[in-house]
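Q: Here's the letter readout for the chains.
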Amino acid sequence: MSPKTEIRFKLNGRELQLEVPVTMKTLDLLRERLGLTGTKYACGEGECGACTVQVDGKTVNSCLMYAVDLDGRELLTIEGLRTPQALHPVQQAFVDHGAVQCGFCMPGMIMQANYLIENQPGLTREQAKRGLEGNLCRCTGYTKVLDAVESVVQSKA
Amino acid sequence: MDPTASSNPSSNPSSKARADAAPSLIGQRVKKPDAPDKATGKTRYINDMVLPQMLIGKVLFAGRPHARIVRIDTTAARALPGVHAVLTGADAAGLKFGFVRDNVALKDRVRCEHDEVAAVAAESEDIAARALALIEVEYEDLPGVFTPEAGARDDAPQIHDNFPGNRSLRFEFKHGDLAAAEAGSDFIVDNVFRPHHVTHCCMGTSCAIADFDHNGKLTIWTQTQYPYNYKMDLAPALGIGPGDIRVIQPPVGGAFGSKLDVYPYEPIAALLAKKTGRPVKVLYTRGEEFKASPTRQAAIIHMRTGCTREGTLTFRSADVLLDNGAYTSWGPTIPVIMMRTTSGHYRVPVVDFKAQAIYTNNPYAGSFRGYGNVQTTWATAQQMDMLADLIGMEPLDFHLKNAQLSGEVTPQKSYLRECALVECLQTAAAASDYSRKRRAYAAARTQPGRFKKGIGLASSIHNAGGAKIHKSDGIGTILKVDDYARVTVITGASEIGQGIDAVITLIVAEELGVPTEHVTLVNNDSDIAPWDVGVHASRTTFIAGNGARRAALKAKAQILAGAEKLLGEPAAGLALRGGAVVRAQDGKEIIKLERLLRQMHFQAEPELVMVTDYYEPKSEPEGASHVSDHSAAYAHAVHVAEITVDTLTGEIKVDKVTVAQDVGRVINRMGLEGQIEGGLAIGLGYALSEDMRIEEGRLKNACFRDYKLITAPEMPPVEMHFIESMCAEGPYGAKGISELPTIVIAPAVANALANATGVRIFDPPMSPEKVARAIFEQGLPGASQPEAAARESATV
Chain A
456 MSPKTEIRFK
466 LNGRELQLEV
476 PVTMKTLDLL
486 RERLGLTGTK
496 YACGEGECGA
506 CTVQVDGKTV
516 NSCLMYAVDL
526 DGRELLTIEG
536 LRTPQALHPV
546 QQAFVDHGAV
556 QCGFCMPGMI
566 MQANYLIENQ
576 PGLTREQAKR
586 GLEGNLCRCT
596 GYTKVLDAVE
606 SVVQSKA
Chain B
85 MDPTASSNPS
95 SNPSSKARAD
105 AAPSLIGQRV
115 KKPDAPDKAT
125 GKTRYINDMV
135 LPQMLIGKVL
145 FAGRPHARIV
155 RIDTTAARAL
165 PGVHAVLTGA
175 DAAGLKFGFV
185 RDNVALKDRV
195 RCEHDEVAAV
205 AAESEDIAAR
215 ALALIEVEYE
225 DLPGVFTPEA
235 GARDDAPQIH
245 DNFPGNRSLR
255 FEFKHGDLAA
265 AEAGSDFIVD
275 NVFRPHHVTH
285 CCMGTSCAIA
295 DFDHNGKLTI
305 WTQTQYPYNY
315 KMDLAPALGI
325 GPGDIRVIQP
335 PVGGAFGSKL
345 DVYPYEPIAA
355 LLAKKTGRPV
365 KVLYTRGEEF
375 KASPTRQAAI
385 IHMRTGCTRE
395 GTLTFRSADV
405 LLDNGAYTSW
415 GPTIPVIMMR
425 TTSGHYRVPV
435 VDFKAQAIYT
445 NNPYAGSFRG
455 YGNVQTTWAT
465 AQQMDMLADL
475 IGMEPLDFHL
485 KNAQLSGEVT
495 PQKSYLRECA
505 LVECLQTAAA
515 ASDYSRKRRA
525 YAAARTQPGR
535 FKKGIGLASS
545 IHNAGGAKIH
555 KSDGIGTILK
565 VDDYARVTVI
575 TGASEIGQGI
585 DAVITLIVAE
595 ELGVPTEHVT
605 LVNNDSDIAP
615 WDVGVHASRT
625 TFIAGNGARR
635 AALKAKAQIL
645 AGAEKLLGEP
655 AAGLALRGGA
665 VVRAQDGKEI
675 IKLERLLRQM
685 HFQAEPELVM
695 VTDYYEPKSE
705 PEGASHVSDH
715 SAAYAHAVHV
725 AEITVDTLTG
735 EIKVDKVTVA
745 QDVGRVINRM
755 GLEGQIEGGL
765 AIGLGYALSE
775 DMRIEEGRLK
785 NACFRDYKLI
795 TAPEMPPVEM
805 HFIESMCAEG
815 PYGAKGISEL
825 PTIVIAPAVA
835 NALANATGVR
845 IFDPPMSPEK
855 VARAIFEQGL
865 PGASQPEAAA
875 RESATV
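For the protein sequence lines, the chains are A and B, in the order given.
Taking the working numbering, I'd label the letters of the first sequence as residues 456 to 612.
Taking the working numbering, I'd label the letters of the second sequence as residues 85 to 880.
Worth double-checking, as some hints may not be accurate.
Stated by the list, open to error - If you only want the chain A side, here are some residues facing chain B, beta carbon under 8 Å, derived: (1) Arg463; (2) Phe464; (3) Glu500; (4) Ala505; (5) Glu529; (6) Leu531; (7) Val555; (8) Gly558; (9) Tyr570; (10) Leu587; (11) Glu588; (12) Lys599.
If you are wondering where the hints come from, they were derived from the structure by calculation, not from laboratory data.
These numbers were taken from a predicted model, which means no experiment stands behind them.
Yeah, the Cβ is synthetic: ideal placement off N, Cα and C, and Gly gets one too.
Start from the sequences and build out the full structure, keeping to the hints where you can.
A: As structure tokens, then:
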């Protein structure tokens, strides 16, 4: 067994302190230890974006990030995006525009879309395409995803 | 123009009959009921499932294409703490399964790189992986067969003892006098097309969880898209009866045909579960997924098509050689559809089709969206374009001249009752300004400049009402309405992301006048839901939609009869709308539906509203002769692709796609658009970038970095035109829709490439490397060579 170390970080707005093996990836910590299975494994090599989460306001592939590196940081996952009462506007837009088919890539896609919308005011469709290039989807052809992103951008304008 | 407008939305007969009625849901945009939970990460996919006491199963793959196993020693693996079972070929001996019973879950001889030679069940994935590393296997490598041509040679190594000459399946269909038709042809095109290996790349990797109870019954949680025949196919791999299997289908991360057969990891999970007495989960990594999941069938198609000087097709012949791979799944059965396209794509009076599958030591193919037709249309649609140029005829005129009309019957007896090919051709061509642009781009080919524009049109025909390749193509539906007017539909129809959940809730809500949110689907447990043949053949909206509608109409009749009995209002004058029983004439509410349902229930002669239905489409079994009306409907689609080719790098950018598709009738507009856009993306990957690099049986690019899917920036805008041919047998007139988008796009791009550059690629994908090389070797007619183009671009 690999050695363990204690980390303290904020997960979806709440402080958390726990011991993790130094070789553990953030993706595995979320899925296997914390039961947060909304973040998906689809390649484990940072090539598909299905495991996208936000760390200190920036999106990362959680399959590439060691859990020990969460120490002192703020982690936002797909489960933390919504309030207990309502879907986040980006989530709602994905539902309303038919962007969800099998849905497996959608938590990562939504995390990335939300990041782009928050950090690029007036995000254009072309910019959104570039920004979502690292998120693979096999069902939708991305069109309805981009429709959803555009609708959120417009509602903010 | 509204890019997603239906061609004739006013021709909706039921809306005329319901002039009184509330707005119909048919053709509206209905959200997928499961979308909110999927968008919030709440949905628990099979990949996410954990059961109490569950062990993790892991598979040892041979990693070599052809070998004898001299010795296998699992002693050290068994001794590792946390290991509960280690299985080898000896544990699956004699448990043959598969289409021709040529496969076993665990092998005692290696026939392809991903052959499963051992499996472990352990407390964790980590322990299971370490146990695999402790298994000692001594192999004696054997000479391999890596192309079907090599496999067909007399001196080729034999892959299966009981398939002499490596001969797998063979298909033939002949119609008319080929020699006479050839003699009567003024023009003949003759090409060899080589559709390649690609794979499904479901975002959720393959996964199965198996558990036996103490009565010997197996429960398997699986991604299967055909739960009922799945039992029949899985049972022999385990030596149990199909009746002793319960299939549960949790949400899946895509399927696209890849889960239309049993693959070894599923019986492996079950064998490990049986051995350990505990639930066992097998979940592939992405690397394992690339290597061990099925491919699209690769083929070598020698196709010839003839026509007269006036542009009338005279014959089409296809001689097809299929790389069977090491085992026979659905891949080598694609000639069943290939021959329908060969004989039915336009009016072809004389047909000669033959196909032979040859075993090789390559990965083996399953079914994949567009099954057989992706490969065939790649050939037929390019030859149509080539013939038009040979004759010197406008391609659109050539297509129209040979397009079938409603009521025509193909040589294989596909009865095209409602045929909208002409309307699809005219709509797509007009909307894209196809003919004018094609002439202009061809003329511009000789102009200087690095970037060339091209436009290409392709069409195809596909079954759109199932395909009766089994004894039945039917579906069972059970529908109940509770005391609160909440409806539960228990249906055999599987949801794999395609959106049958939205279609069924829409249809049932339409008939029973309740909100779609009040309709719940139960469709994921073979012990509960009745039989269905599975999600394939563009059949589910058609078949399951009909089943749901028929069940809803039975419930409606019972409810209105109840209203007549209790309220004295003649049932014939009543309707269900807005959660109430209303007078059909003026919509006046008579009684709330839930109140009526309770009155019907709690009375002297109590009754519950619960109905059953079994729907079998009016199609004929495929049969050995392949002459039968095997689908309840057929449909066409036409794609026009507009592209820009970088003649220096060979890169193709698809600027726009115009789609005109006969959908019968739009049911859920949002789902329909999504299926077309998504199907197109798979077809574009096939056309441009996806390519399994298999060298001597070994896959060299088992990751997304090296196996290139279409990403958001590469997806072109798609303009869609839905042609509503109003299929008499389909639900509300609908036809199946989901495969044509994947089938038609690749040859449309190929025809655009030819228009832009004069270059034709016969072996997809049309990668930059291939396109650049072809341009370099053939040169652009009249255009500058790439070196010159490079100099030009520097000055642009």
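Q: Looking back at the hints listed earlier, which ones does the structure fail to meet?
A: Violated hints: 1, 2, 5, 6, 9; rest satisfied.
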